[in-house]
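There are 2 protein chains.
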Amino acid sequence: MKKYKAVVNGLGNIGREAIAAIEVSGDFECVGVIRRKQSIGKNKNDLRGIDEYTDISDIINKHGKVDVCLQGTPSRNAKEDNIFYLEKGINTVDSFDVHGEIASMVESLDPIAKKNNVVAITSSGWDPGTDSILRTLFEAMIPMGTTFTNFGRGLSMGHSVVARSIEGVSDAFSITIPLGGGKHSRLVYVVLESNANFDDVCKRIKKDDYFAHDSLDVREVKNSTELSRLVDSSHGVLMERTGASGLTSNQILKFDMRINNPALTSQVMLSSARAALRMQAGCYTLIDIPPVYFLEGERLDNIARLV
Amino acid sequence: MKKYKAVVNGLGNIGREAIAAIEVSGDFECVGVIRRKQSIGKNKNDLRGIDEYTDISDIINKHGKVDVCLQGTPSRNAKEDNIFYLEKGINTVDSFDVHGEIASMVESLDPIAKKNNVVAITSSGWDPGTDSILRTLFEAMIPMGTTFTNFGRGLSMGHSVVARSIEGVSDAFSITIPLGGGKHSRLVYVVLESNANFDDVCKRIKKDDYFAHDSLDVREVKNSTELSRLVDSSHGVLMERTGASGLTSNQILKFDMRINNPALTSQVMLSSARAALRMQAGCYTLIDIPPVYFLEGERLDNIARLV
Chain A
6 MKKYKAVVNG
16 LGNIGREAIA
26 AIEVSGDFEC
36 VGVIRRKQSI
46 GKNKNDLRGI
56 DEYTDISDII
66 NKHGKVDVCL
76 QGTPSRNAKE
86 DNIFYLEKGI
96 NTVDSFDVHG
106 EIASMVESLD
116 PIAKKNNVVA
126 ITSSGWDPGT
136 DSILRTLFEA
146 MIPMGTTFTN
156 FGRGLSMGHS
166 VVARSIEGVS
176 DAFSITIPLG
186 GGKHSRLVYV
196 VLESNANFDD
206 VCKRIKKDDY
216 FAHDSLDVRE
226 VKNSTELSRL
236 VDSSHGVLME
246 RTGASGLTSN
256 QILKFDMRIN
266 NPALTSQVML
276 SSARAALRMQ
286 AGCYTLIDIP
296 PVYFLEGERL
306 DNIARLV
Chain B
6 MKKYKAVVNG
16 LGNIGREAIA
26 AIEVSGDFEC
36 VGVIRRKQSI
46 GKNKNDLRGI
56 DEYTDISDII
66 NKHGKVDVCL
76 QGTPSRNAKE
86 DNIFYLEKGI
96 NTVDSFDVHG
106 EIASMVESLD
116 PIAKKNNVVA
126 ITSSGWDPGT
136 DSILRTLFEA
146 MIPMGTTFTN
156 FGRGLSMGHS
166 VVARSIEGVS
176 DAFSITIPLG
186 GGKHSRLVYV
196 VLESNANFDD
206 VCKRIKKDDY
216 FAHDSLDVRE
226 VKNSTELSRL
236 VDSSHGVLME
246 RTGASGLTSN
256 QILKFDMRIN
266 NPALTSQVML
276 SSARAALRMQ
286 AGCYTLIDIP
296 PVYFLEGERL
306 DNIARLV
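From first to last, the protein sequence lines are chains A and B.
Numbers given in our numbering equal positions in the first sequence, counted from 1, plus 5.
Numbers given in our numbering equal positions in the second sequence, counted from 1, plus 5.
Rather than coming from a laboratory, the hints here were simulated on the basis of the structure.
Model, not experiment: these values are computed from the prediction.
Any given hint might turn out to be false.
Any copy will do: because identical chains look the same in the list, a pair fits if it lies in one copy or spans two.
Pairs of lysine to aspartate or glutamate residues, derived as DMTMM-like cross-links and limited to a Cα-Cα distance of at most 25 Å, are as follows [unchecked claim]:
no., residue 1, residue 2
1, 84, 60
2, 188, 306
3, 259, 136
4, 42, 57
5, 42, 60
6, 259, 301
7, 84, 222
8, 84, 306
9, 188, 261
10, 8, 85
11, 84, 303
12, 212, 57
13, 120, 303
14, 10, 303
15, 8, 51
16, 84, 102
17, 8, 204
18, 259, 102
19, 7, 261
20, 42, 85
21, 119, 306
22, 120, 306
23, 208, 106
Isolated chain A (complex conformation) (with noise of 0.2 Å):
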């Protein structure tokens, strides 16, 4: 069988579990992982033995046409980086986490895939992702009715990229707590920075929005050798929704998840970009596809299976 061809944008936490992702896949390639030229060279085991290049057209030279571009790279760059992609004929699926400008991107993204005859998928992890569809679904089942999200316990990456740029932090990781109701306590380590006082450095965490609306402990720990020792990729939520299906209350949906965080937005990521190769063109969040897309297989077959 011919398999379609990805490459993967950058070699973080996201780029190396994509790289796992599609060496299990039935239909998937890699052909190669996107660096900039200063990381060439260095994490070596992580590449699993694909390429590495700075150039997608090196890629393109050597493998032909790219199917689709999985972006590893930080939110901040996700759109700049779709439209690279986008502009070159490549369908491309991103994890942009920010809630608030989610629904922008698809507006900026849609016509330029339109234009190139491609698709984007943006926002394809598990929140926002998997947890989109959840909250939509539960909303086509419970019309009327509240649902709380409770995210952790796990690793913030956003809040911990923000205790780190705080005066007299050295270094830090922050984690999310949930306290119910949809409401979080946020336990952020911290390595002082030599001269720094404790309760001043946790009154400037505080105030930062990122903070400032949850509950906060700040713990301080010796230098980062220990801070380490604190931190693992394990994450989970729990989803709740009680409500009326017409006339009829108590009606109660959970979703529980607990997860190795990188290794599920990547493998959403991936399954999203089969998604991508039967979606017309334009620009997508996760509760825009059927869900028959993501799987491998042909659509009654996985019918007769699934539903």
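For this one, chain A is given, so just place chain B on it according to the hints.
Relative to the frame of chain A, chain B by itself:
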């Protein structure tokens, strides 16, 4: 706002709850209920003020074009009933639940729907239905692994019908009890005919293919009045999938639902009716439908709110 015009075919559990779901929706109105001639005038309260008819032509004459028909008739009538309405240019939604025949239902109805430029959505309930979407989504997240769908505790209509048809049984209900690992026990309450032997009836039930593969517990009840006190519309599912995303094992997903069965089924059918008005002509199951199509409102507003 102009509302979509729905008719409900049949006034059983599904029809009654479909009327309620339409009543509380913002974008549909029920313009009539189709009933058999001998049922007209019965169960007036279930109609909630909606007019009853024996002939769809009378509804069309009074209200103009009908957008969709929600099928509240038994699964064995689904194909014939769907074809009848599709050929009149009316979209259809059913909750056909014979798992082994869903793919062939799609193949049968698809050309008829396309020829008449309408949409048929089949097997739109919770299983098949929303559970099918979850099974599909869970495989997109965890391609390698096992899914168990554990049903119950709740009344199985299909098993109850079969139990009632057994020689020596005057009335019966069958409750499905989950044993874990996707296995179930069947608890059957029976009212015996006056000359029937309990042990013989148990053997006959156990021999039927519906009961032969599960653990069976038959209990005798004195009469239909006593029997009717044992059953209601509660049901539930625990769906569990554990496996690997890419090369990473121990990814754990659970979906737990406790619901009123006909209320949820009818609500999902109404959400599917909304989707039917947004799909291209053809026949679809729920895994063929972009989830955002199930909801009231504009796509980008729902993306901003739910993704």
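> Which hint numbers doesn't this structure obey?
Replying inline: 7, 10, 12, 17, 19 and 23
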